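K.L.:
Sequence:
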Amino acid sequence: MPIAVDIDVMLARRKMSVGELADRVGITPANLAVLKNGRAKAVRFATLAALCEVLECQPGDLLRWEADEPATADARTV
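Reminder that position 39 of the sequence shown reads as 488 in this note's numbering, one-by-one numbering, no gaps.
These are computed hints drawn from the structure, not numbers from a lab. Keep in mind that the hints are not guaranteed to be accurate.
EDC-like mimics (lysine to aspartate or glutamate), calculated; alpha carbons at most 16 angstroms apart, straight line [to be verified]: (1) Lys485 with Asp457; (2) Lys485 with Asp455; (3) Lys485 with Glu469; (4) Lys464 with Glu505; (5) Lys485 with Asp472; (6) Lys485 with Asp510.
Treat the numbers as computed from the prediction; the structure is a model and nothing was measured.
Using the sequences and the hints given, assemble the complete structure.
P.N.:
What follows is the structure in structure tokens.
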């Protein structure tokens, strides 16, 4: 997926655990893990705003765009 999630980076900078962040944001640790591990298909702006408030950061500190890697020759010849 071309959107990378850097919640781990901000957690480390703030010396905060996933459980503490989930509690302070008001989401379950399981839902935070889905987002943190890049498996989420969407994120509500309210959740993003709460993450930014708790972590004292900007949305761009948590999310970034990465270009997809080009397909290999083998994948194109299917």
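K.L.:
Which hint numbers doesn't this structure obey?
P.N.:
Those not satisfied: there are none.
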